[in-house]
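*Asks:* Chain residues, written in single-letter form:
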Amino acid sequence: MDRRHFLRWIGKGILGTSGFWLCARGVAWGKSAFEYALEGQNLIAAKRLAEARDVLKEAVRLDPKSDWAHGLLGRAYYGLGQRAEAVAAFREAVRINSADTYSRMMIEIITQKPIPKPKKPRRSLTPLEKKARAEEEAMLSQLTPEGGLAYRVKRVVIDPGHGGFDSGAVGPTGLKEKDVTLDLAQSVRRKISEEGSIKCFLTRTGDYYIPLSDRTVIANQYQADLFVSIHINANENRKAHGCETYYCSEKASSKEAARVAAFENAVLKYDEPFKKRPGYIDIEEILFNFERRLYWEESGKFARTFQNRFEQALPFKSRGVHSANFFVLRRAKMPSILLETGFISNHDEEAALKKASIRDEIVAAVIRGLLNGRG
Amino acid sequence: MDVDDLIFQGADYHYKGELDKAIAKFQAAVRIEPQNEYAHNQLGILYAKKERFDAAFREFQKVAQIDGHNTYALLWLGILYLKQGNLNQGFEKFQRIIEIDPSNADAYYFLGAIYNFRHNTTKAIKYLKKARDADSDESDTHYRLAQAFHNLDMTTNALLEYQRTLALKPSHTKAINGIGWLYYNRGERDAAIAEWKKTLKMNPRDRDAIFNLAKAYNDLAWEAMKRNKPKEAISYWKKTLGVDPKNKAAVHYLKKYGA
Ligand SMILES: [Zn+2]
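Sequences listed follow chains G and X, in order. Position 105 of the first sequence, counting from 1, maps to 104 under numbering that gives the first Met the number 0, and the rest follow consecutively. Position 226 of the second sequence, counting from 1, maps to 225 under numbering that gives the first Met the number 0, and the rest follow consecutively.
Hints are computed from structural coordinates only; laboratory data are not their basis. By construction, the Cβ of each residue, glycine as well, lies at the ideal position given by its N, Cα and C atoms. Possibly wrong hints are sitting among the right ones.
Stated by the list, open to error - Non-contacting residues of chain G with respect to chain X, defined by C-beta distances greater than 12 Å in every case (computed):
(1) MET138
(2) ASP178
(3) THR304
(4) ARG318
Unchecked claim - What follows is a set of in silico ranges between Cβ atoms, one per label pair, in the way DEER data are often shown:
(5) X:GLU91 x G:ALA137: 33 to 39 Å
(6) G:PRO314 x X:PRO203: 50 to 56 Å
(7) G:GLU50 x X:ASN85: 49 to 55 Å
(8) X:LYS228 x G:SER140: 44 to 50 Å
(9) X:GLY67 x G:LEU148: 28 to 34 Å
(10) X:GLN34 x G:ALA137: 29 to 35 Å
(11) G:LEU124 x X:GLY84: 38 to 44 Å
(12) G:GLU50 x X:ILE31: 32 to 38 Å
(13) G:ALA350 x X:ASN87: 34 to 40 Å
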């Protein structure tokens, strides 16, 4: 709305209709707030806006609780092009009387475009704030600012599959998946720590069982940038062989998967007490969905990167990249992938997985995949 | 009927939640005055509330064509791009807003959130601090800033921002859960558990708090076993089942070591 419109409104008398005056207080001497406000209203109608503003300032000084006077003052300011002051006056009117449609609307109209913001007075810092400032100065001075929107990996959680009473798959000669995955994960952590640019955490460090829920909790605990679950495949058909990489996908591969995902995502979405209000746009929900979608996309990219490394470096056939709805991937609040590095049920691959040299190759491939994501 | 009357009535219907009537008024207004930015913006919001996002997008785009400095329309275009999953276009709109208005808290907030999603934490902190400094009353700005600090192990700043989140919105359970991890990771397990219990009091179905507590009790149980204190371990596994009755680890180990 421009000035021309504003003045047209004045001419139509809409102005006086919003807000109401509770008491016309009698004052023995001098003008009352009511009289000032009334005068201000007449001055606005006569387009004498500067004079209107001054008498209305007096009106709100005498009666700060009059939404009517604040609203009129807002109009005077707005007519004079003092947009920030106008918004402040309209906000005060709405604060006093939330049913003041006109003032609400005027705030919306004016704030469609930038208005200068008032400076806030500085106050002294609390002890925690002082400590925080010192920490920030120490930390941020060490960090080089990074541009760009590429995804960055600085902290990774490696999850050795299974453990404890859950052996995972067992090979023809008795090699257990849980032992291979733990060995691989520990080697990855050792080597990546030597390299130094990525912090690495493990979900388990020994032969004990942890439930799936704990594994993603650990990824969330360390605010990881990437979650990598290591498994070894198995199949009743002993001929099945090769390595593959899974990630959690937006598009489920079957109806059943879609149903499970819908259920799980519904629970995930509203961990916080949440009131779904009709006619309300939930920005945080939009951001939540957007974030999850980005992580899924990124998971797909990581899966392809890791699978490429396997293809280049391992003596196993590549079975490609797949998407599926793994619980362990679904609850992680970061990109997450699941590696199946060979078939323990296959004689040749079980034998290979026993060899230190093959394990070193797998570890090296995983590390190259990780370093690729540093951004 | 006059445009200004239509707009006033539309706004009034909108505030009263009568969205269809509001839409009719604003539609009539833009028929008379196709360049009216406010009426188009209102239509955009109203369509979005009715989940007609394509129609909403078109209205905001019209406003941006009428005046490229209408930061309100640009902001909503950015948000709707994010809703479509379009990172680059959304990012560009928010960037454009801060070129026009260097004190726009909302644009800084979305830019900070986007950098958080890319785990570019230093950039996220930079923008979220600007959002916070431009408008310190938004709990989610403090929360996302806390997350960014947390990701960089700047635990004092993380704690401060989590606390500011809760000062503005005491029911912000994600902030409570975050504080829990700050305590837990520095070895203050009891304090962490107390935080997650606070969350469960507010929302007994909060999955993060449930699984965090289950994990904490399982950890404590294992440590007790290592100290050769099976009774203590059993009491912790029982606590695990108290929050997460199907927890496979606790079920198994209680069967194995329990009475
Ligand atoms: Zn497995």
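*Asks:* All the hints need checking, so say for each whether the structure fits it.
*Replies:* Hints and how they fare:
With a least CB separation of 5 Å from chain X, MET138 (chain G) falls inside the 12 Å interface cut-off, contrary to its annotation. A cut-off of 12 Å between C-beta atoms confirms that ASP178 (chain G) is not in contact with chain X; the least separation is 19 Å. With a least CB separation of 16 Å from chain X, THR304 (chain G) remains clear of the 12 Å interface cut-off, as annotated. With a minimum CB-CB distance of about 29 Å to chain X, ARG318 (chain G) clears the 12 Å threshold, and the non-interface call stands.
Look at GLU91 (chain X) against ALA137 (chain G): about 34 Å separates their beta carbons, and that is inside 33 to 39 Å. In this structure the supplied range 50 to 56 Å holds for PRO314 (chain G) paired with PRO203 (chain X), their Cβ-Cβ distance being about 52 Å. For the pair GLU50 (chain G) and ASN85 (chain X), the supplied restraint of 49 to 55 Å holds, since their beta-carbon distance comes to about 51 Å. Against the hinted window of 44 to 50 Å, the Cβ-Cβ separation of LYS228 (chain X) and SER140 (chain G) comes to about 46 Å, which satisfies the hint.
Evaluation of the 28 to 34 Å hint for GLY67 (chain X) and LEU148 (chain G) yields a failure: the beta carbon distance comes to about 23 Å. The supplied range of 29 to 35 Å is broken by GLN34 (chain X) and ALA137 (chain G), whose beta-carbon atoms lie about 54 Å from each other. Judged by the Cβ atoms, the range 38 to 44 Å given for LEU124 (chain G) and GLY84 (chain X) holds: they are separated by roughly 41 Å. Roughly 33 Å separates the CB atoms of GLU50 (chain G) and ILE31 (chain X), a value that falls within the hinted 32 to 38 Å.
The hinted range of 34 to 40 Å is not satisfied by ALA350 (chain G) and ASN87 (chain X), whose Cβ atoms lie roughly 48 Å apart.
Checked against the numbered hints above, the structure violates hints 1, 9, 10 and 13; every other hint is satisfied.
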